[in-house]
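S.K.: Grab the two chains, each in its own frame, and use the hints to assemble them into the complex.
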Amino acid sequence: MEHRNRRLDLTLGLGLAAFLLVPWYRIEGGFFSLGWLADFPSDPAVAPGLAQIFAHGRIWLGVALFLLATATAARFVRDADRRGLVLAIAGATGVMFLAFQGLAIGFSGWTWTISETLFGPLSDGQPSMGAGAVLAGLTFVLLFAFGLAERGVLKGDAFIVAAISLLVCLVIVFVFYPVGSMFAASVQDFDGSFKPDGFIRNIQDGSIWSLSCVVGEGRCGVAWRTLWLALMTATGSTLLGLAFALVATRTRFPFKKGMRLLTILPIITPPFVIGLALTLLFGRAGVVTEFLADTFGIEPGRWLYGLTGIWIAQVLSFTPISFLVLIGVVEGVSPSMEEASQTLRADRWRTFWTVSLPLMKPGLANAFLIGFIESMADFGNPLVLGGSHGVLSTEIFFAVVGAQNDPSRAAVLAIILLCFTLTAFLAQRYWLAGKNYSTVTGKGDSGAHSALPRSVSIGVHAVVIPWMIFTVVVYGMIVFGGFVKTWGLDHSLTLEHYAKAFSISVVDGAIAWTGVAWNSFWTTMEISLIAAPLTALVGLLTAYLIVRQRFAGRDVFEFALMLSFAIPGTVIGISYIIAFNLPPLEMTGTALILIACFVFRNMPVGVRGGIAAMSQLDKSLDEASLTLRATSFRTLRKVILPLLRPAIVAALVYSFVRAITSISAVVFLVSAEYNMATAYIVGLVENGEFGVAIAYSSALILVMITVITGLQLLVGERKLRRENRVLSAAPARPAATLSQEKTA
Amino acid sequence: MSTPKSTPRTGSVVFQNVRKQFGAFTAIHDLSLTIEPGTLVTLLGPSGCGKTTTLRMLAGLEHPSSGRILIGGKDVTMLPANERDVSMVFQSYALFPHMSALDNVAYGLESSGIRKKEARERAEEGLQLVGLGGLGQRLPAELSGGQQQRVAVARALVLEPQVLLLDEPLSNLDARLRRKVRTEIRELQQRLGFTAVYVTHDQDEALAVSDRIIVMKDGVIAQEGAPRELYETPASTFIADFMGEANVLPCEVTAAEAGQATIRIGGLEHRLASGNTRPGPAKLAVRPNAVTLTPAKGAALAGTISSAAYLGGHVEYEVETPAGLLFVVDQAVDNMLSPATEVAIGFRNRGLALIDA
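Protein chains in written order, with the working numbering: chain A, 1 to 744; chain B, 1 to 357.
Chain B on its own, in the form it takes in the complex (with noise of 0.2 Å):
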């Protein structure tokens, strides 16, 4: 593999009181973000919440109703798509069928005016970048999934955009693949250092990848940090949720200290680590591995196991107790409990987040 030999380009995003209508659908309300040069940022969040909205924004293939757009501080909200520099990998990889891989690599650039022959180098340059060297003259049907993935990540980046765009780019592959090719864009960028934002649903994809995770929902930021951030605190239960599957239960905050809270949640005290929070009702995000089960008649917090599986490394339960149902894995797979136990319920100390009711 080789290297570009120019200094990559990097531009940072800047979307400014950004607001996206289709008809009397609002799709975007007041979106403002920052996107800093050279980080890779995730946007997140369930279908329809936006986020493929604000990435075709950002190409330039929808223009947003009110607000501005700036691309490495320059104004592009009425710029046409090909006269920004930006370039993006599309979900279904939109490669050119009657076009070889080589071909499609050098389409931009012929298109932005290079000359046949050098559009040509680069574009070989391109394919070595992903691993593809040798294989430009094969048409896109004659190439497997992943290949096809890394001729439209190559056609992209061969550009040197300011910014690239990546819309579920491993949506289309296997979920072995899918892994392999993920850690192969995260090195791609920061090996050449541009800026890159990311549109997935998947929490997963996200987490591995990003340096920033923008969670979106109804077409509003609903959080925005890095992946830890986000994982651990989550700001509110769909954040828990979506970052994860969390329990969500509510709960007393009897005291609250410098970097510590106690909650009560029926009769079980629990203290545990947490940022400035007040006394009060509030809300406990708990994630379904934070939950120990131990059987027991007449616990502090106590529920009924009403179904088990078992899935060979963990074993699932769902209990009920009076603060509702819990979703519940456990690791003891040896000493599976039956459905109809009676059990006291406890927390670990990691997998807990208390968010304001």
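Pulled out of the complex, with its shape left as it was, chain A reads as follows (with noise of 0.2 Å):
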């Protein structure tokens, strides 16, 4: 009981103090600057909370102080069912009003015509939430967990319903609340009233459904070019990866380690970056395209610029995820099925188009997918290689910054970009469900798998070591570019533009970074800093509750948590802005907006690599150390955490470097105090600097190959050594988690 009162007061506490010790709404010059001090508590734009509603006419905030009362007065009620059950609803009832008030109270007043009729006109309206609202929320959420545990919910655990109803908050709060404005705002007018005709105007315009190109004269609609390109990517990407993945596994191809390699490189490239490197061989100044014109007198032409471009740069990016995925369906095909198949006469042809290849369709098709959902989301390589034949991210993203400026058209074609991934997203999670043939089991699979039929393995290798030697050559180029003069023109070897984007000179004794690169670079790695810790610990958190807790609506929270995975990022980047810009939450321009988007954005793949490795973790060690008197918080801290170690250095290293080399959403977000270094470099592309571009892309690869590099070898030796230390004390486990692997 003591306990319980305990945590309590300290929530009562912290609500008391949202109300009296920091401002209640947003501070213009930000609340960490800590200018408001100078203020506190007499200037009404930084009075907490208690001042707004006596002093400042915000009496309706009057409620949420009320209802911390009521919560205060049921701390001393004795019987714990029905204290439980006052607390939870007092805090339920503030989160809603807190969220209610915002939404309708804007700068001047009402938000929507509705209130005003109803509650009559107010004076005064509201500034967005700040620390004292944030503080105040927070409180009132926390209050409904601690009733909800009284009263026995989820094994009377505090922790855990607390963590669950923190992170439904947060996801709804930087999921779902972006993309409904998103949906809210193509058919809302300025002034905020319902007003579809900008929708219905998009919605039919010829430029985003005209089939012209198939029935007549002209181009098609942006819509079913993306959707073509996304096709055309993903068959290309699933095959080329399927040739790795044999090559990998199947024959004795003297190159596989260097194959391996081929894996992290697309984590580490921005995503423009390989459109870039086509260019510089194949765009008009391009050292291809000038080596044919010399010779053969080709003319030199805009090929690239196009659709065949960008599906070249995407079917280089991608086929490295394709392979990472169809190595382990074809390792997954259990040998002894292809040596039964031999055993009954058939030859090495006959078993592999009728056994082999059959047994990996669900595996080629989940390849497919991701391929298909990869090249929808694409926006770096479409920016760099599209010119006028844009697809619907680049055709979004110029909705907004171009001369357009229709936030209407912007919103129509982020839903239909929407509409098509979560297609594919759901067909991959629900038809391709239960149908992965792959069988690794605990058992021992003794055997080996047999080699490739003659035709079959001549056509893979006469695919695979070009098409090697071509990403070599692209990934050459980048580094390559970087030392070269200006390209096209004048090959010869300079310094001059990393010099541009990295010098640094000393003045009066003091480093000053006068390279043009550092400023974006510092924010980039402070920002990535910062959003990396939050993104594995939101993931892992997630992680821990999916596969360990038992709570109702769990599916619905990881399926809606995996949703946010198939969100392109330039939807994601456009519903920021329409949702974060005005009251309630306002936070445009700001780190805190960049580091919500990465943090929400890549905890997906925290979730995923916690779940595998969590799944790994006998249960029976966490309900061990809650019999011996550990809270769940300590038993996450003293139990899974130290186990889990290589997992949260993965989902460390993968949220900094996902958070480096984003650029669809961050494009949108980024200010001109916060700049990121993709964002950056954009502009260097868009304004002809070419050298200065590449020699900065090839500087953050080189960082993020220290980094990895580094954490691998810190963490590699040490992982092994955990793995069978869980595997002798507990007894081992049949290997269920390359299912959940295989939907990446």
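Keep in mind the hints are simulated off the structure, nothing from the lab. Please note: incorrect hints may appear among the correct ones.
Claimed, not checked - Once the Cα atoms are required to be at most 20 Å apart in a straight line, the calculated EDC-like pairs of lysine to aspartate or glutamate come out as:
id, chain 1, residue 1, chain 2, residue 2
1, B, LYS74, A, ASP81
2, B, LYS180, B, GLU168
3, B, LYS217, B, GLU168
4, B, LYS180, B, ASP202
5, B, LYS297, B, GLU320
6, B, LYS74, B, ASP85
7, B, LYS117, B, GLU160
8, A, LYS619, B, GLU168
9, A, LYS500, A, ASP490
10, B, LYS283, B, ASP241
11, A, LYS638, B, GLU83
12, A, LYS257, A, GLU331
13, A, LYS485, A, GLU689
14, B, LYS217, B, ASP204
15, B, LYS297, B, GLU318
16, A, LYS638, B, GLU110
17, A, LYS619, B, GLU62
18, B, LYS74, A, ASP79
19, B, LYS116, B, GLU160
20, A, LYS638, B, ASP103
21, B, LYS217, B, GLU245
M.R.: This is how it looks when you write it as structure tokens:
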């Protein structure tokens, strides 16, 4: 009981602080700059909640104060059941009230006409929520969770209930609220009234849906072009990925280690870099183009700028991902099935064609859908190579930043894009669920995979070897391009671009970061370093809740989290600027919005890694800890986290690297103060400063390789030892995690 | 081995009309039971009978859908696991693989807020109690299966819980070690006098260690009693068959008086000791070693041997009779009967039990 009172007292104290000690509303100069301390608490702009209610006419906030008082009164109720009920109701009402008042009352009064007619006009509105309002919201969520825990929900575990409630709130605020706002914005006018004209005009727009490339003259709509590109990219990367996987597992190809290296390339390559390298090769001033022009007199064309170029860049970018998925599938086909087939008088060709390949089918479909979603969501390559032949993701961008400035059009395009990717995501989840024939069991499956039939073997080598060389050349260009003076005109070597980007000089004994890249470089590092641990934390906590706890709506919870993986970055970007530009939550132009974007975009990968790692830990370890008087928080800290160290590091590295390389959402969210490296590079490309852009990109790749290998060396060895220990202490469990991995 | 200085704290366990549902599936129907302080009680039953669920509800790892659970007279129904005064030995031991044996044993003490130094001292005592003094610095992976099991027991015991819960603690040990460890656990329990609830599906184990056995089936208690009571006077054919094998034969009780009954199976009449039986149809549970086989033709209860297997110390027969197939174990290895021999069937005085039809 003392235990329960203590945590409740702390929470109530937090609530009181929210009303008394910090400004209730958002501070223009930023909360952390602490400039508000001078005027606190008398100035209405920085006044705390209590003063806002009684001195500045925001009487409606009194409801929240009343609910907090109710919860405080409930603390002294003896009956645990009734006390829990009052706390839960006060908490839930508090959260809903805060959200409702935030949405309903804007800068200048009621946001909706219906509330104005109901309650009468308001004399004054309110700014966006600030520290006080956010703390009060947190207090109410915790009160709600503790109330439920005292009533015995989730075995009375307050930490678990609180963690779930908080995560649900965060996902609602940072995933569902922005996407919902985007839908709303597409049918709203500037003043917020319902006016579907823009929506209707855009959704019927010929430039989106036109089929004239099939049934007449001209070009098809952007929706069809994007779809067509995604299908072609998915097909190309799946076939290539399969060829790579077959070579890696079923042949005696000598460079298998090098092939494995390919799989980490897409993780560390900023998404537009491939497109950039391709322009250096095949653009109008490209090496190959010029060579062909000089020797054979072939006129330099613009064929690269368009769907063909984007397609090549995307296949280059996504083949490694498909390889990663398919290598598991190809290895997963049980050798004993192939051996069985061969003892049944089937030759190698027949075995491959009638046994091995059909068993890989679900895996192939999976790789196809992943390629499809990736292509749809890709923003960097189309931006560099698309020219005027854009795809949906770039059209969304230009609808906002270009001369058009038509948010409604951007929202409509985003909705169309979202529909495509969500359909693929749902297909992957439901249609492919349970169709996995990969036979990985705990039993040792002895036997060797049969070699490929001769014709297939020759075929895959003929595809793989040139493509590997091509990939190496493309990456070679990225390194080389940074040292060439002016591409296509003057091929003399120079360090000029690096100097321009990363020069340092000493002025008055202090180091001055004079290079143009430093500003965005440090911002990128800072934001990535803040976002990475948060992403890992949220991801692994979610994984723990999903794997280890049974609660109502767990499937919905997991699904909602994974859904954010299928939302293309451009859609996230556009929905964030629509949602977080006005009260109740105003974050555009701050570092906070970038961090939130990274955390919730990259979290699904942390979740998946955490789920895979945690399913290998015997559940009785947690239970043993619980029966040994440890709270679930202590269990998490002392037992689960130490055993999950490899997964934690993986999640940290991944989220760090993704934060550095991502562009699609970031490009909407950067500001003059907080500019990210990728957005800066894209700016350079648009200005035609290819040299500096390439130099900056290769420097970024170098930084990431250093980080990854450093951590791999640090963790790789430890990982083996840990796993051995776990296996010998707890009875080994069949590796049921592979299917999880494969939905990547 | 040292004995703890403090007097053992033992508590009773009471389940009142406990019911547990997982979705549409009811694992436990209306379970009520009482466990006296200081006794070792076994929950026995086939897999899926609800015995582990019962134990987990006692530990706080599951919460009942309805009903009340009391430990030491205190209602703990809604209390989370870490606030209950019980501790548990897991089937897989669940030793924390990244902590030494000593850290494992000290973990619970430290979680309870005891200072690190004192926790270490008491953990060391706990390891000595189970005969592992000096091995505290080893990781679980560096200990043998039997040693790991003892660390798990020490880890649970140092908390001096009111009730110790053991979930199939021997199932990961080989047969020889199993017998040794179960004797050790029983000795420890009797020496320290704590209450223990022991879950197993092995009736030999249950008979060997328990003060009382509660046999469960499909989420309800099938029968409870002292080990001997269950073996000798099973209340149902399920108990008779589960507590050591039994042949169940339909029979007719022709006469019943104080403590004695006369039954008829086919043409054979037999008198046996029995409680309050009434004349009429009944069932007779016959242990495999309670059947006698004599080569003869046209006996009152005749049978034909359909298979015979030599197993060193004894012979196992399958005998076809008008009452059904009989499984018989015979010590007379030297006079082994061959298949197709016609035999007269008789019963010994021990190993028979009458069950109401």
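S.K.: Taking the hints in turn, state whether each one holds.
M.R.: These are the hints, each one checked on the structure:
no.: 1; hint: B:LYS74 x A:ASP81; verdict: holds, 17 Å
no.: 2; hint: B:LYS180 x B:GLU168; verdict: holds, 15 Å
no.: 3; hint: B:LYS217 x B:GLU168; verdict: holds, 17 Å
no.: 4; hint: B:LYS180 x B:ASP202; verdict: holds, 15 Å
no.: 5; hint: B:LYS297 x B:GLU320; verdict: holds, 14 Å
no.: 6; hint: B:LYS74 x B:ASP85; verdict: holds, 10 Å
no.: 7; hint: B:LYS117 x B:GLU160; verdict: holds, 18 Å
no.: 8; hint: A:LYS619 x B:GLU168; verdict: holds, 16 Å
no.: 9; hint: A:LYS500 x A:ASP490; verdict: holds, 18 Å
no.: 10; hint: B:LYS283 x B:ASP241; verdict: holds, 12 Å
no.: 11; hint: A:LYS638 x B:GLU83; verdict: holds, 18 Å
no.: 12; hint: A:LYS257 x A:GLU331; verdict: holds, 16 Å
no.: 13; hint: A:LYS485 x A:GLU689; verdict: holds, 11 Å
no.: 14; hint: B:LYS217 x B:ASP204; verdict: holds, 18 Å
no.: 15; hint: B:LYS297 x B:GLU318; verdict: holds, 18 Å
no.: 16; hint: A:LYS638 x B:GLU110; verdict: holds, 11 Å
no.: 17; hint: A:LYS619 x B:GLU62; verdict: holds, 14 Å
no.: 18; hint: B:LYS74 x A:ASP79; verdict: holds, 16 Å
no.: 19; hint: B:LYS116 x B:GLU160; verdict: holds, 17 Å
no.: 20; hint: A:LYS638 x B:ASP103; verdict: holds, 11 Å
no.: 21; hint: B:LYS217 x B:GLU245; verdict: holds, 17 Å
Of the numbered hints stated above, none is contradicted by the structure.
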